[in-house]
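Working from the sequences, and respecting the hints, build out all of it.
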Amino acid sequence: MALPSLRTSLPILWRYVAAVLLCISTALLCLPLIGYLDLVNIVMLFLLAVALVAVMLGKGPAVVSAFFSVALFDVLFVEPRFSFAVHDGQYLITFVVMLLVALLIGHLIEIAQKNAGQIHAERLRSSILAALSHDIRTPLTVLCGLADTLKLTHPDLPESARDIIDTLRAQTVRLHSMVDNLLDMARLQSGNVFLNKEWQPLEEVIGSSIHSLGEALAFHTVHVEIATDMPLVNIDALLLERVFCNLLENACKYSPVHSMIVIRAAVVGHAVDIYVINEGDGFPDNDTQRLLDVFERGQNESAASGFGVGLAICRSIVEAHGGSIRAYNPDWGGACVMFALPLGVPPVVELEENTERPLS
Amino acid sequence: MKTATTVLLIEDEKEIRRFVCTVLQSEGYQIKEACEVKQGLIDAGVCKPDLVILDLGLPDGNGVQFVRDFRHWSQAPVLVLSARTSEQEKIAALDAGADDYLTKPFAVGELLARVRALLRRGQLPDNHEDAIFSFSDVMVDLSRRTVIRGGAPVHLTPIEYSLLALLLANAGKVLTHRYLLREIWGATFVESNHYLRIYVGHLRQKLEVDAAQPKHFITETAVGYRFQF
Chain A
1 MALPSLRTSL PILWRYVAAV LLCISTALLC LPLIGYLDLV NIVMLFLLAV
51 ALVAVMLGKG PAVVSAFFSV ALFDVLFVEP RFSFAVHDGQ YLITFVVMLL
101 VALLIGHLIE IAQKNAGQIH AERLRSSILA ALSHDIRTPL TVLCGLADTL
151 KLTHPDLPES ARDIIDTLRA QTVRLHSMVD NLLDMARLQS GNVFLNKEWQ
201 PLEEVIGSSI HSLGEALAFH TVHVEIATDM PLVNIDALLL ERVFCNLLEN
251 ACKYSPVHSM IVIRAAVVGH AVDIYVINEG DGFPDNDTQR LLDVFERGQN
301 ESAASGFGVG LAICRSIVEA HGGSIRAYNP DWGGACVMFA LPLGVPPVVE
351 LEENTERPLS
Chain B
1 MKTATTVLLI EDEKEIRRFV CTVLQSEGYQ IKEACEVKQG LIDAGVCKPD
51 LVILDLGLPD GNGVQFVRDF RHWSQAPVLV LSARTSEQEK IAALDAGADD
101 YLTKPFAVGE LLARVRALLR RGQLPDNHED AIFSFSDVMV DLSRRTVIRG
151 GAPVHLTPIE YSLLALLLAN AGKVLTHRYL LREIWGATFV ESNHYLRIYV
201 GHLRQKLEVD AAQPKHFITE TAVGYRFQF
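Those protein sequences? They're chains A and B, same order as listed.
Read in our numbering, the first sequence has 170 at position 170, and its numbers run on one by one without any break.
Read in our numbering, the second sequence has 13 at position 13, and its numbers run on one by one without any break.
Treat the hints as calculated values from the structure; they're not laboratory data.
Every residue, glycine too, gets a C-beta built ideally from N, C-alpha and C.
Under the rule of at most 16 Å between Cα atoms (straight-line distance), these lysine to aspartate or glutamate pairs were calculated in the EDC-like manner:
| # | chain 1 | residue 1 | chain 2 | residue 2 |
| --- | --- | --- | --- | --- |
| 1 | B | Lys14 | B | Glu33 |
| 2 | A | Lys197 | B | Glu87 |
| 3 | A | Lys151 | B | Glu27 |
| 4 | B | Lys215 | A | Glu215 |
| 5 | B | Lys32 | B | Asp43 |
| 6 | A | Lys151 | B | Glu110 |
| 7 | B | Lys104 | A | Asp135 |
| 8 | A | Lys197 | B | Glu191 |
| 9 | B | Lys104 | B | Glu89 |
| 10 | B | Lys14 | A | Asp135 |
Heads up, incomplete: computed chain A residues facing chain B, CB under 7 Å, no partners named:
| # | residue |
| --- | --- |
| 11 | Asp148 |
| 12 | Ile206 |
| 13 | Val349 |
Shown next, in the form of structure tokens:
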């Protein structure tokens, strides 16, 4: 709409002048109609003028135009004409209604504009994040690719050189996962995350997380314990994969090589409790809930480094699903992160009747 | 007559083109490079590639457009390179006829493995009905409709069997949820992703060593499934 933009494009004084002019025009328009229109209808025209001012010029000019309209109406149209005196106290109501309409519309327009501004800012933010994520990914892809290529195309390099290449690559992958975490955190913290929820087996999300970590889990054994009758859960698979990847990565980082990581899931009441447990030294102190806050890390500058963002992301994602998450050191040792996801009512699935096709 | 396998690489980032070219050439492939959709289509027409590696975000348009045009006249496999956060784009490219995708940054070894798998696919006879497939301790004979694991027959329901046959016939290729649902259950089921997930789960339980850590029935999260040997 072009008209409402007058409220921002006109200097403030001119807005008030325009409001007064509009009231005077309305009065001039109505004067020749005195014999033909009832006073009620003339009031309506003034009300329309006030509403227009509220929409086009803002709350202040609207209030002024409400006062001015009532004055004009009183002086020019109400008997005795050309005086402020009124016979009927009812015109007080006319005045109050006009003032309220002016304030109400002015207020509504302000809210609408604020929302539009927020939506704009949000859009800007997510497009910046998307561009940033693309721009950072390109050099990371090149770095990883060049390291791999060097190793593949020069199989005769000395062991020390190959070590350097491996380190280069590992560090690039680490940088990539940090960038991913930071960008995800920014996206999650913007508040309006869209959850693409679908009913799916937990087992599948766990499987794809383990698969996507690939080499990172090469020195650990992951054991998954899920009951075969585990119901489907309503989750955003991509985000839950993020949770499992972060938890598994942490579990790896803070436990000795060749140790076991256990993922266990069980239905408890109206929720499914999921545990990720390692065989490490456990979290350093008992204030484990703090670990889940942004940028909080277990140890100060520990050798096994990491960004505290990982756990904070897990928390954001789990809470966006209506669940809760906590970290603790179980009595039998190691560290455990437990999160609970609400169990809804899964859709009915009509499986084939038990007509197992005879295979000859 | 062509001797070497020709790969067309369409990617606008010079440095990415550089290492992909180096590594593919070292494997003996002949490379043709392009950095835009339009130029890619012209090059494809000229060099008739055996495989296309395609970046989705190109300066003069979306790679999906390339796949659509390319599929009008060629069935050569298309491997898409894409960013992590654009699942919808990947699905659009796959639905348009792309075969597989890699998310940036990717491991070069993985790229080579996918390229090999896709090229091998292109050499398979069209009539998969004769084929016998084996993976881990499982042997599937599509012509006799038998599935044997560790010497003992495995009982599959008709839907499980159709799903297995479809995945096997398209091994190495990512099949989207929508495609699988339409092929197995019909057009009215295309929104019922949970059916598909449950049946893939059944196949994993019957044919994988550890259903929670599948080696063959691979989940492409939010996109679809891929069978790999």
